[in-house]
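Undergrad: Taken in sequence, the protein lines are chains A and B.
With this note's numbering applied, the first sequence covers 1 to 312.
With this note's numbering applied, the second sequence covers 1 to 178.
These are computed hints drawn from the structure, not numbers from a lab.
The beta-carbon is built from N, C-alpha and C at its ideal position, and this holds for glycine as well.
There may be inaccurate statements among the hints.
Unchecked claim - Covered stretches of chain A, going by a simulated chain B footprint (3 or more residues, C-beta under 8 angstroms):
#1 16-22
#2 193-199
#3 280-294
Said to hold, decoys possible - Not close to chain A: a few residues of chain B, all C-beta gaps over 12 angstroms, as computed:
#4 7
#5 8
#6 14
#7 21
#8 25
#9 51
#10 73
#11 80
#12 82
#13 144
#14 163
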Amino acid sequence: MRHLLSAADLDAEAAILVLDTAAELAAVTDRSVKKLPTLRGRTVVNLFFEDSTRTRISFEMAAKRLSADVINFAAKGSSVSKGESLKDTALTLEAMGADAVVIRHHASGAPHRLATAGWIAGAVVNAGDGTHEHPTQALLDAFTLRRHLRGGTGGLDGLRVTIVGDVLHSRVARSNVLLLATLGADVTLVAPPTLLPTGVHEWPCRVSYDIDEALPSSDAVMMLRVQAERMHDAYFPSAREYSRAYGLDRDRLGALPDHAIVMHPGPMNRGMEISAEVADSDRAVMVEQVTNGVSVRMAVLYLLLGGSTGEK
Amino acid sequence: MTNVILDGSDMTRAITRIAHEIVERNKGAADVVLLGIPTRGFPIAERIASAIERIEGARPDTGSLDVTLYRDDLRMRPARALEPTSIPAGGVDDRVVILVDDVLFSGRTIRAALDAISDLGRPRAVQLAVMVDRGHRELPIRPDFVGKNLPTSVDEQVRVSVSEVDGTDEVTISGGTR
Numbered sequence: 001m002r003h004l005l006s007a008a009d010l011d012a013e014a015a016i017l018v019l020d021t022a023a024e025l026a027a028v029t030d031r032s033v034k035k036l037p038t039l040r041g042r043t044v045v046n047l048f049f050e051d052s053t054r055t056r057i058s059f060e061m062a063a064k065r066l067s068a069d070v071i072n073f074a075a076k077g078s079s080v081s082k083g084e085s086l087k088d089t090a091l092t093l094e095a096m097g098a099d100a101v102v103i104r105h106h107a108s109g110a111p112h113r114l115a116t117a118g119w120i121a122g123a124v125v126n127a128g129d130g131t132h133e134h135p136t137q138a139l140l141d142a143f144t145l146r147r148h149l150r151g152g153t154g155g156l157d158g159l160r161v162t163i164v165g166d167v168l169h170s171r172v173a174r175s176n177v178l179l180l181a182t183l184g185a186d187v188t189l190v191a192p193p194t195l196l197p198t199g200v201h202e203w204p205c206r207v208s209y210d211i212d213e214a215l216p217s218s219d220a221v222m223m224l225r226v227q228a229e230r231m232h233d234a235y236f237p238s239a240r241e242y243s244r245a246y247g248l249d250r251d252r253l254g255a256l257p258d259h260a261i262v263m264h265p266g267p268m269n270r271g272m273e274i275s276a277e278v279a280d281s282d283r284a285v286m287v288e289q290v291t292n293g294v295s296v297r298m299a300v301l302y303l304l305l306g307g308s309t310g311e312k
Numbered sequence: 001m002t003n004v005i006l007d008g009s010d011m012t013r014a015i016t017r018i019a020h021e022i023v024e025r026n027k028g029a030a031d032v033v034l035l036g037i038p039t040r041g042f043p044i045a046e047r048i049a050s051a052i053e054r055i056e057g058a059r060p061d062t063g064s065l066d067v068t069l070y071r072d073d074l075r076m077r078p079a080r081a082l083e084p085t086s087i088p089a090g091g092v093d094d095r096v097v098i099l100v101d102d103v104l105f106s107g108r109t110i111r112a113a114l115d116a117i118s119d120l121g122r123p124r125a126v127q128l129a130v131m132v133d134r135g136h137r138e139l140p141i142r143p144d145f146v147g148k149n150l151p152t153s154v155d156e157q158v159r160v161s162v163s164e165v166d167g168t169d170e171v172t173i174s175g176g177t178r
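Pulled out of the complex, with its shape left as it was, chain A reads as follows (with noise of 0.2 angstroms):
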């Protein structure tokens, strides 16, 4: 693995890998000294053109767990708000010998851009690109299913999986069907048509337009943030009536079998595509999600920059 730009990129095998590792970082998180020495000496830049906490902490975090040193580059208050290019902006970071790039962009497709024109050496990790994949949300999800609903090893094997909600504008679901799929799991999206993309039958997934007939015969429910700053269009009539259609409350919660979780990628809108009596309850696991996001983020980074690099 030289980047980490789709979550096509893995087979189940390259998966498999990056959970047992993630698997195996987590118990750093329970030493009292919480730090590893692997990377040391590594410089890690979280490049973010767009807003983002948790995804920027959460690899900050993982980073400095393995005692990388991490350089955080946000676009605005930076050159790339008089106008440097992407191309400039990649030019500088490779002249201070930045290690690993890792790359949350606005435009779909610019981690593939930095990794393949040849401006710098070193490894890309796409941490959301526009609308297209955000492969290490992906990953955290199926390491958090696994652990709840497979005992914590191999695979997703016949796992059934619901996604709901604005898959048109959201990477977390294109990225989730893809390494889901991958990993054995029937995936199942359920949107309203016009917050789902063209194409979207060619996925490796089933397609409804009903919630109410998926969440019964789901193991695991992942709610997608309506987002409401890429809604340039109505796509629906009206929050309310989006919230009565598709969002989980606490009587759909009820239809769900009883070892099912709730999983959400955060932040979450309230009372819109989750009633706040679902986010708190005990079947909601989006903190420990969180938490897994620092393991996950940690074994790609350990796998990407731990061993010899420049080579396959």
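Use these hints to put chain B onto chain A, whose structure you have.
TA: Coordinates of chain B only, in the frame set by chain A:
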């Protein structure tokens, strides 16, 4: 050409002797924690613990300690998969940690293990038990308990097999120009 240096019963006798030496050196085994280095150090640590139990009547705590993340040669090979680490609930503070490995060679694995232990806590003492000491140390490290001292040349390969991992118990030496 492969020569068998120790067979299964030789290994059992060596483990029993090591267990006696541990008990003698530490005047019992009350504070002893045996940490095996994966893959083959861990089953050997379990067997030493069983042998100590037969002598003392109480089984010391055991665990496994993967040192991959502390190695100094990580950049010489692609990133490798991690092995399990499990530290007994009592931790290592103020106890006598006995590291257990199959073969002692350069000493670099043990150097990494000492660093790993210091991140887990502060043992009263750390001792080292190995099935085979084949020499050629690159660091100032020596074992406290040795199953077999085996003079080798650098290009020979020493292999410890244990039935839990390999299906058989034996120590072999192969290759080289002898």
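Undergrad: Hint by hint, say whether it matches the structure.
TA: Evaluation of the provided hints:
no.	hint	verdict
1	16-22	holds (count 3)
2	193-199	violated (count 0)
3	280-294	violated (count 0)
4	7	34 angstroms, holds
5	8	31 angstroms, holds
6	14	31 angstroms, holds
7	21	31 angstroms, holds
8	25	28 angstroms, holds
9	51	28 angstroms, holds
10	73	10 angstroms, violated
11	80	7 angstroms, violated
12	82	4 angstroms, violated
13	144	25 angstroms, holds
14	163	23 angstroms, holds
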